[in-house]
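Given the structure of chain A, go ahead and fit chain B onto it with the hints provided.
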Amino acid sequence: MPAQSPAARIGNFKEVALGYTAEQALAEAERCLQCKNPRCVPGCPVEVEIKDFIKCIVAGNLEDAYRIIRNTNSLPAVCGRVCPQENQCEGACILAKTGQPIAIGRLERYVADNYIAANPCARLTGDEAACSFSHGPKIACIGSGPASLTCAGHLAARGARVTVFEALHEPGGVLIYGIPEFRLPKRIVAEELGTLKNLGVEFCLNWVGGRTFSIQELFDEGYSAVFIGVGAGLPNFLGIPGENLIGVFSANEYLTRVNLGRSYDFPNFDTPSFRGRKVTVFGAGNVAMDAARTALRMGSESVTIVYRRTRAEIPARLEELEHAEEEGVQLRLLSAPLRFLGNEEKRLRGVELEQMELGDPGTDGRRAVHAIPGSNHILETDLAIIAVGTKSNPVLLKSTPGLKLNLKGYIEVDHLSETSIPNVFAGGDIVTGSATVIEAMGAGRAAAMEIARRFL
Amino acid sequence: MALILDKVELEPGRISKLLIDAPQIARKAQPGNFVILRVSAKGERIPLTIADSDPEAGTITIVFLVLGKSTAVLDTLNKGDQLYDLCGPLGNPAKIEPRGTVVCVGGGTGIAALHNIAKAHKKLGNKVISILGARTEALLIMQEEFSRASDEVVISTNDGSKGVKGLVTDALALVLAEHQVGEVVAIGPVPMMRAVCDMTREAGILTTVSINSIMVDGIGMCGACRVTVGGETKFSCVDGPEFNGHLVDFDELQRRLTAFMSQERLAYDAFLNKCGLHD
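Top to bottom, those sequences are chains A and B.
Quick note: the first sequence uses our numbering, first residue 1, plus one each step.
Quick note: the second sequence uses our numbering, first residue 1, plus one each step.
The following block holds chain A by itself, in its conformation from the complex:
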């Protein structure tokens, strides 16, 4: 797929991957074997009828291709961009063995982008609202990230009156505050939200579940079911000395300032973000890659990802890691932070690291890491971004009596996605802990199917 060159893209926040041309999409679609028992569909958490939509591309019918995807996936343009397809549909594709699985994600993106571009009028006149009824049951979705939007889209398309309650001032959850513009442009998220609005989904912004309203109040106001998709929350820190020095940030804060606050356009936008010359990022998941690549675009001289294991164990998607490396992000592998060091004004000036080495595999098959004695050294840094996951956000959970949580503080649900409170469902990171967009969407869809079975 064509992409902006690394040299060009680190100077802007525009999307890196540029998308297929019509010829490229057709050529890729024609490679699909149209398996009788496709493996790709069970590989997809929302079970998109992949071969059917690909067949429509070959036939030149993008409208039907889009409808097929939308039938099970409320956010096709988002998924085509941020899903880890290599572990899902594409990983399951029979051609994966040849090293050349069908590029399903790219085709999905192609269909969504082109349908949206070609059908602005149909979308504006709300043709998709045809199936929404004003007398359907009222359903509330709390949070407006991938899980909630999927739940909302599924139910609204089937006639429910859905209200989405979002605590921040802009809907989209992690798609807005977390994933950067260069990977998922905000206009794409806006398009997907527009489609949901056409379906009749109502969005209430600045409404904080557990503060502005309680779940009981939603039932009192006539909602039949509630879906909790508030995402994970509180960022983890490393728990080492010096972590509250000025210049140490959670990835959530760093990314929220840049993405939600548009601080890359400060002072035109009011939210400032911390500028660092030498940036270090701790952790090596997708969020760490996003933070590192964002820091480069914010004009940092150098960006180094510090990770305690080797490149092979990096949990981020390979594509994200490769993009980061192409752009000049450095990896400091087998390194673990011990403490942050500040200057006399208590601003960050460095981090003390120790060198690690791989040991024998543990019971989980993963090789243990040990520190090498005497290997301590200082790495200069004036901006440290901690990207080592999150834990559950207590705001809604604490204020909802009777909501059962598991030992880690996440919401416990049964096989129908229902919580300990009848007709209150939950899905996404607030149930599983940090996971992917598409896994959250799968959870939103599963809950929506059960809600639909009960109330529609």
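Treat the hints with care, since some could be wrong.
[As the list claims (entries may be wrong)] Straight-line distance between alpha carbons at most 25 Å, and here's what the computed BS3-like set of lysine-lysine pairs gives:
(1) B/Lys42 <-> A/Lys14
(2) B/Lys95 <-> A/Lys398
(3) A/Lys346 <-> B/Lys234
(4) A/Lys197 <-> B/Lys234
(5) A/Lys51 <-> A/Lys36
(6) A/Lys36 <-> A/Lys55
(7) B/Lys234 <-> A/Lys398
(8) B/Lys274 <-> B/Lys79
[To be verified] Output of the computed footprint for chain A on chain B, the stretches with three or more beta carbons under 8 Å from beta carbons of chain A:
(9) 43-51
(10) 112-118
(11) 209-222
(12) 230-244
(13) 254-261
[To be verified] To list a few chain B residues with every Cβ distance to chain A over 10 Å, as calculated:
(14) Leu3
(15) Gln24
(16) Lys69
(17) Asn78
(18) Asp81
(19) Tyr84
(20) Gly108
(21) Leu124
(22) Ala173
(23) Gly182
Hint data in this document are derived by calculation from the structure and do not stem from the laboratory.
Yeah, the Cβ is synthetic: ideal placement off N, Cα and C, and Gly gets one too.
Same frame as chain A, now just chain B:
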């Protein structure tokens, strides 16, 4: 959007009080809660403590000090204008418990944040002695409201233009000498809260402070507001904003408030230039 029903300029160009139509927030607001607002589509999220709320009328009151661009823009709004975004109530409510006598110490605009808490203590039946401090008499705010929310109001001004001459701690020393005090609640600039805590620590009096850290989301997502309390990192938005003042690392809090100072200055200067207000 939230409609501004009334605006009172407590100190023109510097401190203003807004009465805001916010029925949903007013219905839920507890003493100690705060809101986050934005003044425009490009605005940043500003946390401000709810100074008063009226669930029947569906209104909340906030008081703010013009400190930089965002609060300066907020001060350009008048009665009949809309806040672009308003979110709340946020943070944990103040703990209002039977304490006998409670001394409420407010400095600067912290006085406004303290008001709802003093009111709640009085309502519960505690004897409330409020100490309000300012540089000079003209800068004192909400004296009338406090005379209703307190059994006794003590004023301190740095220049002695009203009440005790000196700092709030000078007034506090006098109050502590005369009364058996069950709790001190202090809200104001960090040095003031620290000075109050230093004084009450020696006397072993429970002291509660409300932390005004930098925040982004205000709902636990970012950790910008982290503060060290008793050696542990806490998030003031979801763990606070009230903490036991004797355990708060005020040095760290004060420093962390300066994290974005150069950019705040830049934005404010650009704003003043644009308005032609710069010297």
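Compare the structure with the hints numbered earlier in the document and write down the numbers of the violated ones, lowest to highest.
-> Going through the list in order, the structure violates hints 4, 10, 15, 16 and 19 and respects the others.
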